[in-house]
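*Asks:* Each chain, written out:
Number of protein chains: 2
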Amino acid sequence: MANVKAAIPKGTRDFGPVEMIRRNYIFDTIKKVFKKYGYQEIQTPTMENLDTLTGKYGDEGDQLIFKVLNSGDFLNQKVLDQVGLITQQLDTAGIELGDIRDDDTEMRSIKLLNNEKSFNNIMKPMEHYRTLSKKIAPQISEKALRYDLTVPFARYVVMHQNEITSPFKRFQIQPVWRADRPQKGRYREFYQCDADVVGSDSLLNEAEFVCIYDEALTHLGLKDFTIKINNRKILSGIAELIGKPDMIIDLTVAIDKLDKIGLDGVEKELLEKGFDKKELDILKPVILLSGNNQEKLNSLKEILSNSMIGLKGIEEIDKVFSYLQNFSIRTAKVELDLTLARGLNYYTGCIFEVKTNEAAMGSIGGGGRYDDLTGMFGKEGLTGVGISFGADRIYDVLEELQLFSASNQQSTQVLICVFGEAEEAFAIPILNILRTAEINTELFPFGAKMKKQMQYANDKQIPFVVIIGGDEMQSGLLSLKNMESGEQEKLSIQEILTKLKNLG
Amino acid sequence: MANVKAAIPKGTRDFGPVEMIRRNYIFDTIKKVFKKYGYQEIQTPTMENLDTLTGKYGDEGDQLIFKVLNSGDFLNQKVLDQVGLITQQLDTAGIELGDIRDDDTEMRSIKLLNNEKSFNNIMKPMEHYRTLSKKIAPQISEKALRYDLTVPFARYVVMHQNEITSPFKRFQIQPVWRADRPQKGRYREFYQCDADVVGSDSLLNEAEFVCIYDEALTHLGLKDFTIKINNRKILSGIAELIGKPDMIIDLTVAIDKLDKIGLDGVEKELLEKGFDKKELDILKPVILLSGNNQEKLNSLKEILSNSMIGLKGIEEIDKVFSYLQNFSIRTAKVELDLTLARGLNYYTGCIFEVKTNEAAMGSIGGGGRYDDLTGMFGKEGLTGVGISFGADRIYDVLEELQLFSASNQQSTQVLICVFGEAEEAFAIPILNILRTAEINTELFPFGAKMKKQMQYANDKQIPFVVIIGGDEMQSGLLSLKNMESGEQEKLSIQEILTKLKNLG
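Quick mapping for you: the protein sequence lines, in order, are chains R and Z. Note that our numbering gives residue 305 to position 320 of the first sequence, counting from 1, and the numbers run on in steps of one. Note that our numbering gives residue 60 to position 75 of the second sequence, counting from 1, and the numbers run on in steps of one.
Chain R on its own, in the form it takes in the complex:
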């Protein structure tokens, strides 16, 4: 068997012991809060049927779905015929297909875009390969990797509708896969961490999601973060106000970018999309509304007084705020942000986004209400609302703010080091005593130099070492070394136990 280089696919990651402890700490903290609010965990398979996923994420999303090759003889006559047919069409069109690889082409195409001959030689075949690949893919691949947790959840709800208690409150923490071009902070495999409730239109759910964000992020040690809230119906009201109710999507896409491109940029984009100067003059004061949440709502009530849907949105936000007055928010600032739009078109009511104010980082969470999640699987009109924690970003924030605890009760607490075989035998009953007391303990097998054993304790950040040599065996008093302070003392096993228990 030829040697193979030890490597992993680009955009994927190994998680070593330290990262795992930290990731588990984040997930466990969030899970505990989800459970406190009555959310139950489910898991769905890594692979879904390709047709479950296709068409749910737009054309661009479809291209980013990882497809799994059918097992066995995926190439049969039907596939071959189709490959032949399409290839023949290309031949007929007189297109010469060179041996071109995707990456090369994208590089070259940038250089050659203005050169028509080269463009035809390279881009045309490229387009045809793309067409061919798109057409053949579903014929040789029936399954695909989960792209998000939302569509599998919708599929789950419909498939298990007879077992489910409504309202169904579920959380799900699993990896998802996207064939995105990998870059710093963007991976092809990453975890999503979602909670959703379907079958309840009460705004209590929205209010509790604010509480869940507040409680989980507070437990994780964040001290300054903002939960932004808006309502799609208010945005619809604004679109009505400026007389362009049909252009709600263009409008939201543009104002969603206010943070990044500024007011001028938003105006420019809207003008390009066909809004006129007069309309922008109506829009501007609305999205720039200042004051506290109540002041903003009061102004909005007047501004949108002629829009039924706008007033409905205001009423919903009002209700959420009134719930929140009775809940005790610990840390979060809750802010009505009329520029918050969130790209996803399936949102229909309240929308959320969470930002930390302590580190430069995009949103660390978001979500909203949708009115028809399961329609795509034949069950219409089921309302839902959900949120998501951006676990990878939260990890980076906690690392930057040094909020990961240095000590870790989950790892080995004591390493027993011995000088030889007799000491090893002597050590085993001591090992038993410590483990029986639920103290994570290792015995370094005899045969290694003491220096190597100490290095092992250091590398694994084990806080205490028990050293056993001839003296210790004779006296029964063991040397306990505190690896941080370097302090060393001779104690009976009972004293060691008491000392460690008091620390833990």
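Some hints could be false.
As the list makes no split between identical chains, a pair holds if one copy fits it or if it spans any two.
Stated by the list, open to error - Okay, derived cross-link-like pairs now, DSS-like style, lysine-lysine, Cα gap no bigger than 30 Å in a straight line:
| id | residue 1 | residue 2 |
| --- | --- | --- |
| 1 | K(-10) | K120 |
| 2 | K484 | K16 |
| 3 | K445 | K17 |
| 4 | K364 | K436 |
| 5 | K486 | K436 |
| 6 | K437 | K20 |
| 7 | K213 | K258 |
| 8 | K281 | K242 |
| 9 | K63 | K120 |
If you are wondering where the hints come from, they were derived from the structure by calculation, not from laboratory data.
Following the hints, position chain Z against chain R.
*Replies:* Leaving out everything else, chain Z in the frame of chain R:
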């Protein structure tokens, strides 16, 4: 968007709330024990490079690896040329390729195997599709789904050798995927749960793995299980004894089946493999050795007195047993089983297998020592030993023995039911108090009939319901209903808190 049937790929599973609690309970119990013994968690990516996996699991295994289609334009001229070339070869060979699907063919081939013409018409093209698929697959797929945790672990050790503290004790609990034909109890996605240590040849590790099995399975509630232990070197010694050292694999494969096919079956298989009657007469008393472990070892020492490797194996087992005398085994019977062989050829020392004696179930765990795990990635001579828990089977055993606890502190403990909007507002501070006391509590949003709310509590197996109506608001005494006993009493929130805390 056309409606799609809500379904999942065959051989995969959704895990609902109850299953998740039970699965997490199993994994958490095992994890806790792994950690107690100094094992650290790692995770590797779902996708590995295809060449990392290919050739590690035999030809049959290679066919069962799920391959991921390259993203983007996976079909390029190189692939097309090759498809064309192979198809042309088939044409030249005069083979007519009909539109044949894999499943059909296997069915038909059984019926038609004796009909030469049909065989040629169907099986020949099939073979060619197989050849074609095998050749094209690696050209359109660079990545594949993890097939087990062992090869990714070996890859991890080599890739991260400079960060790793030796001996490296890791555990890993992640799903793996195999394109096996699904059947009862065999899935295409299932979890493996492995612990391994590399870089230490001490038999203390073997002894501790016995302790880990004992402790974890005891915690899970099993009361009667056997950890079988053997040593590959003893099996080699036996092969030497009968003068067929080169046929160790045929020998072990056959005696591994003693349980299933009986002594006659084993003898029959060995005769077919080329062993003769005289050799079997030597073998028989050895594998049928009776007595306790020490008696068996004593007999073996005499029988294998001329086999260096056999004696080495006996010495290793002896040492493990002597360690185990100092450890306190709680529940397990530890048994030297000379017929235990375990199929995998990479084992070189001690091997383990765990069986429950309370339920009819195959092995619920196994493992052993291997001397060169990482050689395939260019790092030779690293010794390791590891074990695996069969989580799905353990789940089935616990279910059969009714060992899953009925009560579950992780789920919602209290549901607050209200008659109307005023009661809902009144309930929120109570909700806060219970949650602040770390009691998982839900408030059913107002608007639903009391019967529906009670049904919700029943379905979710919520043990307590607090009912708030007009009376309760006036008196401040809330109705607490025990959902199991049906008992109902009026208590202040403080009394409720005390009561629930005492139960928890």
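*Asks:* Against this structure, judge whether each hint is valid.
*Replies:* Each hint tested on the structure:
1. K(-10) x K120: between (34 Å within a copy, 22 Å between copies)
2. K484 x K16: For K484 and K16, the Cα distance is within 30 Å only across copies (25 Å; inside one copy 32 Å).
3. K445 x K17: both (28 Å within a copy, 17 Å between copies)
4. K364 x K436: Intra 66 Å, inter 25 Å, cutoff 30 Å: inter-copy only.
5. K486 x K436: within (27 Å within a copy, 49 Å between copies)
6. K437 x K20: between (44 Å within a copy, 22 Å between copies)
7. K213 x K258: Cα proximity of K213 and K258: one copy only (27 Å, versus 74 Å across).
8. K281 x K242: within (20 Å within a copy, 77 Å between copies)
9. K63 x K120: The answer is both: 12 Å in one copy and 18 Å across copies each meet 30 Å.
In terms of the numbered hints stated before, the structure departs from none.
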